Amino acid sequence: MPETIENVAIKVSVNGKPRSLNVEPRTLLVEMLREQLDLTGTHVGCDTTYCGACTVLMNGAAVKSCTIFAVQADGAEITTVEGLESAGQLHPIQKAFGDAYGLQCGYCTPGLMLSASQLLSRNKQPSEKDIRKAIAGNTCRCTGYQNVLKAIQLAAQNMKGV
Amino acid sequence: MLLQLGEEAKLLAGGQSLIPLMKLRFASPKHLVDLNFISGTSYIKEENGALRFGALTRHAEVEYSASAAKLPILHDCASGIADVQVRNRGTIGGSLAEADPSGDWATVLMTLETEVRCLGTKGERIIPLPEFIRDAYTTALLPDEVLSEVIIKVPPRASGGAYLAFKRSAPVYPTASAAVRLTMEGDVCKEAAIVLGCVGLTPIKSNDAETALRGQRITEKAISAAVESARAAADPQSDMRGSAEYKRTLVGTLVKRAIEIAVQRAGGKQVEVSHIYA
Numbered sequence: 002m003p004e005t006i007e008n009v010a011i012k013v014s015v016n017g018k019p020r021s022l023n024v025e026p027r028t029l030l031v032e033m034l035r036e037q038l039d040l041t042g043t044h045v046g047c048d049t050t051y052c053g054a055c056t057v058l059m060n061g062a063a064v065k066s067c068t069i070f071a072v073q074a075d076g077a078e079i080t081t082v083e084g085l086e087s088a089g090q091l092h093p094i095q096k097a098f099g100d101a102y103g104l105q106c107g108y109c110t111p112g113l114m115l116s117a118s119q120l121l122s123r124n125k126q127p128s129e130k131d132i133r134k135a136i137a138g139n140t141c142r143c144t145g146y147q148n149v150l151k152a153i154q155l156a157a158q159n160m161k162g163v
Numbered sequence: 036m037l038l039q040l041g042e043e044a045k046l047l048a049g050g051q052s053l054i055p056l057m058k059l060r061f062a063s064p065k066h067l068v069d070l071n072f073i074s075g076t077s078y079i080k081e082e083n084g085a086l087r088f089g090a091l092t093r094h095a096e097v098e099y100s101a102s103a104a105k106l107p108i109l110h111d112c113a114s115g116i117a118d119v120q121v122r123n124r125g126t127i128g129g130s131l132a133e134a135d136p137s138g139d140w141a142t143v144l145m146t147l148e149t150e151v152r153c154l155g156t157k158g159e160r161i162i163p164l165p166e167f168i169r170d171a172y173t174t175a176l177l178p179d180e181v182l183s184e185v186i187i188k189v190p191p192r193a194s195g196g197a198y199l200a201f202k203r204s205a206p207v208y209p210t211a212s213a214a215v216r217l218t219m220e221g222d223v224c225k226e227a228a229i230v231l232g233c234v235g236l237t238p239i240k241s242n243d244a245e246t247a248l249r250g251q252r253i254t255e256k257a258i259s260a261a262v263e264s265a266r267a268a269a270d271p272q273s274d275m276r277g278s279a280e281y282k283r284t285l286v287g288t289l290v291k292r293a294i295e296i297a298v299q300r301a302g303g304k305q306v307e308v309s310h311i312y313a
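In order, the protein sequence lines correspond to chains A and B. The opening position of the first sequence corresponds to residue 2 in the working numbering, with each subsequent residue numbered one higher. The opening position of the second sequence corresponds to residue 36 in the working numbering, with each subsequent residue numbered one higher.
These aren't lab readings, by the way, just hints derived from the structure by calculation. Treat the hints with caution; some may be incorrect.
If you want a taste of the chain B side facing chain A, the calculated C-beta under 8 Å gives, among others [claimed, not checked]:
| id | residue |
| --- | --- |
| 1 | 71 |
| 2 | 74 |
| 3 | 87 |
Simulated crosslink set (DSSO-like; lysine-lysine; CA at most 30 Å straight-line) [claimed, not checked]:
| id | chain 1 | residue 1 | chain 2 | residue 2 |
| --- | --- | --- | --- | --- |
| 4 | A | 134 | B | 256 |
| 5 | B | 58 | A | 12 |
| 6 | B | 188 | B | 80 |
Keep in mind it's a predicted model, so treat the numbers as computed, not measured. No residue lacks a Cβ here, since even glycine has one placed at the ideal position from N, Cα and C.
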C-alpha cells in the first residue's frame, strides 16, 4: 500500500509574479512550471541532467529544472524563457538568436538563452571561450553551435550600455 | 531527525547526482531530508593554515572564491565539474558523501591533507579523507551523521598541484582523471602525491608513482617512471566511456601533464587548466 504523502504549500516568484502553489514533494521544478503554471517554454529534453533544455534561472543562477524538486524552489525567484521579454518586446538575447540564426528546430533554444542570460549578467564582454564554457551544459543537435556563438556575441554587443 | 527516519532516509545536498539516481530507480530513499534550507552551511574560511568549506558550498562558489584560488588545483576541479548549471547546484560535501567512483573532488582532495567533519547525535568526528572514502558509494558516515565541513590544510611553500580530467562532453563524468601535488626544494621534488580518478572503485593513490618522483629532479626519465607506475596502479573497467586499456593509457598521459603543470606552479608560474572535452 503506497503511503499518501501530503502536498506542500510553496511560495515562489515566477517571472516576477508571486505564486502560491500546492505541489507533491516529488514534483520536479520543470513539471511545476509546465503543468501547473502552463509555462511550456521550458522544455524537457533528456530528463537526466545532461541536455540543459530545461535550464531556468533560480535566483539569477542557471539551473537544470529537471534536477530540482519544486519544493526546493520555495522562496526563490525563477525566470523562464517567458520572463525574458518585457512589455511585448523581445529581450536582446531573443532578438539576437533570431537575427544571427542561432536556432534551427528551437527545442534547445530557451535553455541556451537562459544560460546566455546568466553569462551576460555577470560578464558584459565575454570571449568566445567564455561563451563556449557558459553553454557547455546546453546540447543543440541542429546548429553546430557556430550561430549560437554569433547570437550571444551579438546580444552582448547590443546589450552594451543597457 | 535522521535517527527518527531510520536508515532508509537520504540527505539531499545539491541533488545533481542523487536526483538523477532516483529517476533511474538506482536510489529509492523512503525519506529525503533537504539540507538546502539550513543557513550557515555554505562558506569558505581561511584559518590557521587551512581552508574550511561548509558542506553545502557549491562548486561555482569554489570556482569564484579568491580564498580557494590560492590552491589552483581546487579551481581546476571546481571550474571543470560538469557544466555551469550543475556547478551552480552541486556541493563539495555532497560530492564527497556520494563517493561516486567517477566524482572529481575526492581525487583532488586526496592529494592534500584533507579531513571531513561529521556531525551526529553523539557529537562530532573529524575523519581523514582517505579513511572517510571506504568504497564505491560507501563512506565512513554513520546513519545518524551528516558531513558538515571539509578542512584542507594549505601545503607548504614551493608546492604546486594540478588536476586534469578527460571527458567526452561537459555534462558527463570524466573517462579518467589525475591529481598531482608536488612540494619542491630547488629543482628536487621533496614530496609528491599522485591520485588517479575514475579508474577504480575509489580514487587510487599511487605510492609507486610518488616514490618515482620523491627526492628526484623532475626529469623526463623521472616523469616516465611515475607515469608507468601510475598506469600499473590503475584498475579501470571497460565501459561505454572506453576500454580498460584505453583508460590505462589515458590516465598515464593525464599524470604526465599534471606533473608538468604542478612543477611550473610550484615555481610560481600561473598555468590555466580546465577539464578536457570536445
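Quiz item: How about residue 74/B: closest beta carbon in chain A under 8 Å, or not?
Solution: Hint violated; residue 74/B Cβ to chain A Cβ min 12 Å, cut 8 Å.
Quiz item: Straight-line Cα separation of residue 58/B and residue 12/A no greater than 30 Å?
Solution: With a Cα-Cα distance of about 25 Å, the restraint between residue 58/B and residue 12/A holds, given a limit of 30 Å.
Quiz item: Do the alpha carbons of residue 134/A and residue 256/B lie within 30 Å of each other, as the hint requires?
Solution: Roughly 36 Å between the alpha carbons, so the hint for residue 134/A and residue 256/B is violated.
Quiz item: Under the criterion of a CB-CB separation shorter than 8 Å, is residue 71/B in contact with chain A as hinted?
Solution: 6 Å, holds
Quiz item: Should the interface hint for residue 87/B be scored as holding, given a Cβ-Cβ cut-off of 8 Å against chain A?
Solution: 23 Å, violated
Quiz prompt | Pair hint outcome, residue 188/B versus residue 80/B [Cα-Cα no greater than 30 Å] | solution = Given pair residue 188/B, residue 80/B holds - Cα atoms ~12 Å apart, limit 30 Å.
Violated hints for the displayed structure, listed by number in ascending order: 2, 3, 4.
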